[in-house]
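Top line first, the protein sequences correspond to chains A and B.
No gaps in the numbering here: position 284 of the first sequence is 284 in my numbering, and each next residue is one more.
If you want my numbering, it's the position in the second sequence, counting the first as 1, plus 1000.
Derived by calculation from the structure, the hints in this document are not laboratory data.
Among these hints, one or two may not hold up.
[As the list claims (entries may be wrong)] Below, a sample of chain B positions facing chain A; criterion: calculated Cβ distance under 8 Å: (1) ARG1186; (2) ALA1228; (3) ASP1229; (4) VAL1254.
[Claimed, not checked] Over 10 Å on every C-beta distance to chain B, these chain A residues come out as not near it, computed from the model: (5) PRO98; (6) ALA372; (7) ASP438; (8) TYR530; (9) PRO551; (10) ALA624; (11) CYS730; (12) ASP756.
The structure presented is a predicted model; accordingly, all values stated were derived computationally and were not measured.
Idealized CB from N, CA, C, for every residue including glycine.
The primary structure of each chain is shown beneath.
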Amino acid sequence: MGGRTLSWVAIVLSCACGNDSRYGDGGDGGEANALACQARAVMLEHCTSCHDDPPRKGAPMPLTSLDHLRGQSAIHLGVTHADRSLTRIHRADRPMPPATMPSVPIEQVAILETWVGAGMPACDEDPGAQPESHPNMIPQDELFTCEPGTAGASPGRVRRLDAAEWRFDLPNFTDLQNVSLAKVNPLTANTADRYSTYASDETVDDVVLDLLLEPGLLGGTVGDEIVNHLNALRAEEPRLDCMFTQAAPAAACVRDFATVLLQRNVLFRAPTPAEVTRLADLTTAILVVTPDLAARRAVMSQAANTAWLSTGALFRSELGGAPEADGRRKLTNDELATALAYALADRAPGAPRQGFNGGGRVYTADLAGHLADIAAAGADGSIQDPAVLDALVRQYAAGTDPDRVQLGPEVGNLESRRTHGIYWTSDKIRGFFREWLDYGDFPTKFKDQPGKTSQFQLLSDVSIYSPLSTSYNQLQIGYYAVTRPGTPGSYKESLMVDQLDDVIARSIYEDVDVLKTLLTTTRFHVAATYPDGFGSVQETHRPYNLTEPVPFDTREGRWITLPATERSGVLTHPAWLASHGGNFDDDPSAVHRGKWIRENLLCQFVPPLSAVQVQAMVGPSDAAMTARSRLEAATADELCQGCHRLMNPLGLAFETYNHAGFVRAIDHDGSAPNGTMTLEDTPDPGLDGAYANAIELNAALADSAFVKRCFVRQAFRYYMGRAETRADACALTQMEAAYDQQGSFVDMLSALVQSDAFRYVEGN
Amino acid sequence: MSRITRRRLLGGAILAMGSGLLAPFTRSVWGHAATPRPRVVIVVEGNCFYTRAVLSAAAQAAINAQTNRPLTSEMITDRNYQHSSVLEIPTSGLETAASLAPLQTHGVLGKSSVVLGLSNTIAGGGHSAFQGGLASARGNEAMAPSVTIDAVLAQRLAGDAPFDAIRIGIASPTTRLVYNLCALGRGRPAAVSTSPVDAFNRLFATISGGTADPSVQSKARTLDYARADVNAALGAFSGNSQEREKLERYLAAVEASQARQQRLLELAGSVVVPPGPTTMAGDPYLATDPMTRLEVQFDLAAAALLGGLSNVVVIGSGVGGGLDLNYRSVLETVPGWAPINLGMDRHTLQHGIADPLYQQAILAVTRKHVDLIGKLARTLDDTPEGTGTMLDHTIIVYLGDNGEQHHSEAREWPILLVGGGALGMRTDGRTVVYPRVGQPTNRQLSNLWNTIGHATGDTTLNEFGEEGSLRVAPGPLSEIFTPV
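Bound-form chain B, shown alone (with noise of 0.2 Å):
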């Protein structure tokens, strides 16, 4: 696997990426390096991925080595755990894991834990919790319950990037945005882009393009329009201060558009802007293949991490309940997979999965997930920041949206963290277990944000989340975090 390095790009190489999908395009100016910051990506895969994903012999052995249910091959794990006390295997031999292979092939094993037991009751269950994974509150597809953890992480994190977060994905082809997996608040839906052309404009059409391009003109009339329009409300309001400032502050947020449109063409000298879209056959930003489109998205991502734009991006993987994604490039490796069958929908992987045969593609799926999570992974260790890399500055997060299985009661939100070693994350190869649902030793995935906040700085949010009376214990998992 080739890798993009922002010392590379800087020494002139330009090296292939390893699957080729883009052409070599990230570069940053080395200064961003110079002051490490925080960043957080969040991975969510829809419809959840299984614990049999990511547990590692070693794993099951200090599971069964408790429990008079030994596990043998089972995708969902957790009503076999009778441990009381929390399981830590400190070298648990990722690479054994059926989906984790790939973080060994892309050299960040070593900065990789696994996180079980993790429940999440208050989201529902289903076939999507929605919003409720990344909220620790009830789901719901048509109104934000609470904020999200990115959008309280963007706040804090945002510092002068251009982006307070970037929200990107994949859906069906025909869908463009998915507003129920991030919130900036309750009723205030987080917009997920999930379409690869429409993210690349956001991010970095401007900065490709600079003031020539139509479409950076387009914007920009828009919103001299818009501030014009503005003020000439405002010069002609006869109301008082109160509604006044209701209109400021959407003068304010016009210019503040305009500010950051010229933050990025400003950027332009200082990022490398990957390939853009184009109208060629097998481009992959329109593949209907959708780990290509996903594998497109997370390049971007990759982009928009090392020049700077954001400190927070979440990876969204056929979220929000769409479930007809068809992973026809993943299910073409799996042995044994009928051609007939190349076409079949997420949902009817799912409710095959009884099948060992199912089994295997639904993991593959994941390893394929993993695999993009490894690959940026490695572009981010790849680049050295204070006295590590950029990677152990970066909490990366990968987890379902919905829990343990297809139909989630949410007992267990099986987690892959990777990087963040220089915030205290003790990504390092283990695995921890926490006790089943229902045990007072049981703890959530709020308890994973609050981790989280305390890695990157903000030690107020032990009590985030709506679970109030449900909460098992607030504060961070002391398991996989070690205050600096």
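Looking at chain A on its own, in the form it has when it is part of the complex (with noise of 0.2 Å):
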């Protein structure tokens, strides 16, 4: 498959099939062309109204790409979207275009015919087609064929660094509790992107800076901070003494300095001469108009603030050293190293150890600071020899500590930590799961009488301060500490959120056919339950459906095996569940899990609705209609068909829980929760039949080579912080291989840092 694309909508603007020079003879002969242009205009003239790039109308694919066209069905396995085409401008039951449209006349359906069966030549290349809007209609397995010899490469970049990265590259913010600059800053990632990692636009805009300039940030307090960690730092960096003690440092303490700062805070590489030296100007000049003893933390505070204001600091660069033989670049050692940091860490390579009092004073990690075998890595060059990338990735990856220091300061106390499993996974691993289920906004999503349709039921009344209701609040927000018998002092249990992070956390540990055992696992990870006068933590196991208080006396006992027949796999956890279910019981609560099924388990493409331009709602609540009957009622004109069979069947099978995870024990209306669904042409035929429930969907999903391979591009897509393309076929396919040895997620991970898409970046 050619990777140029042929945009229809390009040649109705500029070409008369045939007769312009710009879409003289391809390779394919002359007649072929004429044939094949032929063949566009009917697609012109008949389809490409609604299968537009990208699709409107309900339409579930474009066909305004040659590529699209020659493109396998994601509906059914092994037939082009062409051939898909003709079937359906056959069909009478279902025609196409829709029967209140003019059909295809029958001369121009035999022009389609003679252009399939003669292979689809193409009229001609557009020099100025784009490829797919979105990476979902690339056929998956056009994606998983590796040419041999293939030099991969990605494309050059600038990243900003995001709000967690910034965060974490700073040193000791003091104790931080609560919400406070550190924890929300205004660096935030880009929603519109499918992951924060993408950083596709993200710069420094003028709001951005003028709230980093505000005197809690780089107006003041970081710097303060920065210089208690250089301060710190002596030991280790005696050339800062005299930047400390002397009244009237030298210009070489004074780029002695600046070096430290730069090398050790501010850009966690060698910094060049010529960083040096501005930054050392710099601090001569406020040195200048303040040259006591006396002031000199607010010197040295006010030059790192202004430091962390370079490129260097803010953006993280992989644009590669000099061109090799084939114009690729090969990302230097530095690039190379904070790359592999910043994919495993929100952290960059030696960036600071931060401190809290969390049972005496902890530390995340020793003076060196975190990552710092990476950092070492990439000062000596040893970075670039696989091996070393494999041993840093397995190193740093994912482990266990019963103190659960990496969860920092905003768990806090040591009781409060030991609530949450003793495994750990690496800020990005987690990252990549808590985006990809796409969990992490639990704690905003609103839900009225969460325990509604439950066997807790009448322990949520209409009021946001029935027990369940308060325990549920609690479970996603957090707020009451609680005090343990024999244990000094309150402390936390730990959150939803968490305790699906360490669900995954303690798969990723154990790293054997991972993908499979989060989409089964009946282990979940809960908090203890407390009998308090508040209420607010008394209820907090009813969303897994327990009877029985959980206890609190031992760790392991927070783990708890829950009914297969109610459970299974990370999709029937609560807070996946909750995340994409709607406000009340009887919501749609189907169509957001459905589609991100489609979207992120089958890697298929549902129009969104600002494609499609109508008014998706279903109709007003009812007491004698389910969510299932109010949402089969309003999507069962064939338009909403054209999405919603893309979304419902797959949505349905969850309606045995209600919309904040709970398991219904009745529906409603009153009837029996009803979970049954079928599920027709999907890209594994393998999935096609009947299903009672989630259970039995989750088990056959966790059994298709599809969804796995889906797994790995999105994997793919946030490690690599964009999206994949078929050029990245040979990285996809050395990651599938990895994975498929054992079903280890971090041989994948390895496998992708090795590759060469990772490693590389594309000539200029």
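Quick one: dock chain against chain with the hints and give me the complex.
Have a look at this one:
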């Protein structure tokens, strides 16, 4: 398949088939070219008003390019979109174009048939053509076809740090138990991107700069903390002493200060001489107006704040070194170390430790900083060795820690951290699963009567202060700390998002058949329950359908094996269900859940509402109607089904759970909960068939090789910070091969960072 | 109450502010008044003010005429509403409401209105709905759900003002920034500066200090450094144009900030700067009493508005879930309040709300807020603009950040409106009471934002907020707004 595409729309504007000099004979010969152009004209006349790119009016896929037509149908394996187009044109019961529109005249049908029969030759090539607007439009098998000898590379980029990366590159920012400058800062990633790592358009605009210059950030506080860290570093960096002790530091002293500041606290690499000079000059200028030794910390603080406005601090570069013979550029040692560090963590290589009060003074790393071995490998160049890359990934990917220090000041004291599982994953592994499964925003999801239709419905009256509602709110955002008998002080149990994190972390730590485990596990981590006066923490086990309190006296007691008839995997976890559920128990949660599965487990394209231009709404709530019946009534129309057939069946399997993730005991209208559905035309024929509920569906998804490949693609997107293209087929294939050995996520990630796509950038 | 106006300042008069917190300070070039411009001031009291605070006797009578659960002295009133169509009480005697007397003191009663019954359940409830009030979206402490109304208005109303919006307020003394009241968009918090010292420095330091001021020099050095660094990075850049643009946009931001610094320096001759913070004992900038700090912030806002520094101001008071404010200066004025309880914080006060004495204390806290609003309104109303006054072109909105009560369900968000008459706001002493939440004729807080959008020239805000299917009816509230 050629990488270039041919835009039908562009041709409409500029080409009268075969007569425009821009579109002369292609490589297929004049006759074939003429046929192709005639076929294209037919498609333009009858198809692309809906099958536009992106599609409109409910059409499920674009048919605007030759790639689209030659590509495999996402619904019918082994059949091209062009084949399917002909099939639908001929169907009497579900014709295309729809019956309300003019049909394709028989002579034009013949043109299409002849063209398809001739192997779909190109009309011509359009030099202005664009690639697919969404990676899910690329037929999946083409992404796993690696041409031997293909040299992979990624586009060269500069990426602005996101909020978490900036925050964790700073040293001790006091003991942050609450929202503050470092927890919420203006470098938040653009939510328009699928994954926060894309940083596709982020920069420091005037608003962000304005906020960064606030007195609480680079206008003051950050620099003070950096100076504290530099002071601690004096044991390792004695050349800093003169700045702290000499009334009139010499130029060399100032230069040493600038060098250490940039390397250990700002750039996390050896600064260039020009960078050192620029900061040393600035520091000298500040010293001129503030010469007193008593004010020296303020001088250094101001220099540190200012240094953090440098491009090297706020942006990370992936532009590569000198071009190689084939034009590609290999990432420099520093670039590769930085890329690896941020692929694993929200920290730069060597980012400073952070301290907090958590049962005594606790530090998140030693003085050498986080990811220190990656920093060292970048400094000595060994980072370029694939074996070193592999070892570093394994070193920092996952592990166990009884004290869960890496949870940091937000979780706080030791007792609170010990309500979490002992298993940890790196920031970016946790981040990937939070963003892929899209449950990180669970705390923002408003749920009316979260227990409604569950066996605990009576605990969930209309007041948000019912025991169940307050406990649910506690699981969302946390508020009340509790006191455990025999333990001094108070502490907090883990939140629902943390509980799903823990389930995933344990699977990653074990690292065998990870995807299958995640889609089928019945082993959940939950909060202990406490009978307290507020009711806020006494019903926190109910979302898991537990009738007995969860003991708080053992850590292992928070690991619960739930009935296999009720839960199966992360898609039945309350955090996921609620994140992809509506506000009310009879809301069409099935649409949200089905859409997520279609797009993120089957990697298929579902046109957004903005593309189909319909006011998608169910009818009013009715005591006699379930969420299922409201949804089916609202989407029965054929036009609606164009999209909803992609979502509804998948989502309806989860109708045995309510909008907040509770197991339904009875449905909204008093009937028995109903999760039955039938899948047709899925991209994996093995998935087609009837299902009783989500338990059965998840088991089937877990066994699907097609789903596994989609999982690989999603990981590629997150860790590469961009969508995959056909040019990434070799990297994807290597990831899949690594994963296939034993289902190891870490193996797969290691394969990615060793791939050309990760280590090389394209020539300019 | 003595006042400061442009006219008087231009005439050379220097008058004492009523409370004497800050010396008289505001003055602006007369030319600012020549072209009226819409302005919006949003005052947000953290953890609510109660409907009782703004419910006049006439409004209560109108409500009681249509309910079999008549109100007596309840702090929370919406559950008693049984009317199905909106109640309009044209001359409602606002001064009879528990906390609105200061409007009469400041002479702006006839330019004020009260709006009751607006719901905003999308925001969620609890101690605070965070950005949920100003965004008409589900509030969240840690992440902004969507753009808040102030940011939308700021973009439209900025004009040539140096600041598109000013966001200031108070929190506990150790908190300098609050990030969970305002937002530029989803995940893009807009900081509220809760330190009067920081606010002064940001708004006025450049104007007052001029190029010789150390902080001005420091900021200039910082921006010069950033500019040199970005230019160096661009000079060595080897990537494509799309990536290069990121750095070019950063450079543009640095240069824009430098330009604003320059603009502020240029304004030095036309804006009289309020006295800045000192290290002297009793300096209101450093007061432990939050209401004193809040009064400083109001004065800074007044100075900024008169000086044309911005056309959108948000003043947050204990917003973002901070419940540790101690209103000693207010509690001292409550008859019968025990001295031993003068150190009580807001959270404890609120939990004692069943006690009539505590109710009086809470109502007094709200009354103090209204006093500050009244003083600001008076200052603006004393300043001619166009054929009216600055107040006529300024809409002041006062609301809580979570709805009707301490642990709110966001069912009702009582609103006080002042000013904006020239923009079409029907702030003529009326009270409007919409039917309670759940009624088809209930209206929502988002409708108020729609209304302000229309009043300030933006008719595209009818769908503002994240309510989606929860929206009752889009568009402005005709009972409080008539298009001009």
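Verification of the supplied hints:
1. ARG1186: 5 Å, holds
2. ALA1228: It holds, given that the least Cβ distance between ALA1228 of chain B and chain A is near 6 Å, below 8 Å.
3. ASP1229: 4 Å, holds
4. VAL1254: VAL1254 of chain B check passes; min Cβ-Cβ to chain A is 7 Å, inside 8 Å.
5. PRO98: 28 Å, holds
6. ALA372: 27 Å, holds
7. ASP438: At roughly 14 Å from the nearest Cβ of chain B, ASP438 of chain A sits farther out than 10 Å, so the non-interface label holds.
8. TYR530: For TYR530 of chain A, whose nearest Cβ neighbour in chain B is about 20 Å away, the distance exceeds 10 Å, so it holds.
9. PRO551: 29 Å, holds
10. ALA624: Nearest chain B Cβ is 19 Å from ALA624 of chain A, so the label holds.
11. CYS730: CYS730 of chain A is indeed farther than 10 Å from all Cβ atoms of chain B, at 23 Å.
12. ASP756: Fine: 18 Å to the nearest Cβ keeps ASP756 of chain A off the interface.
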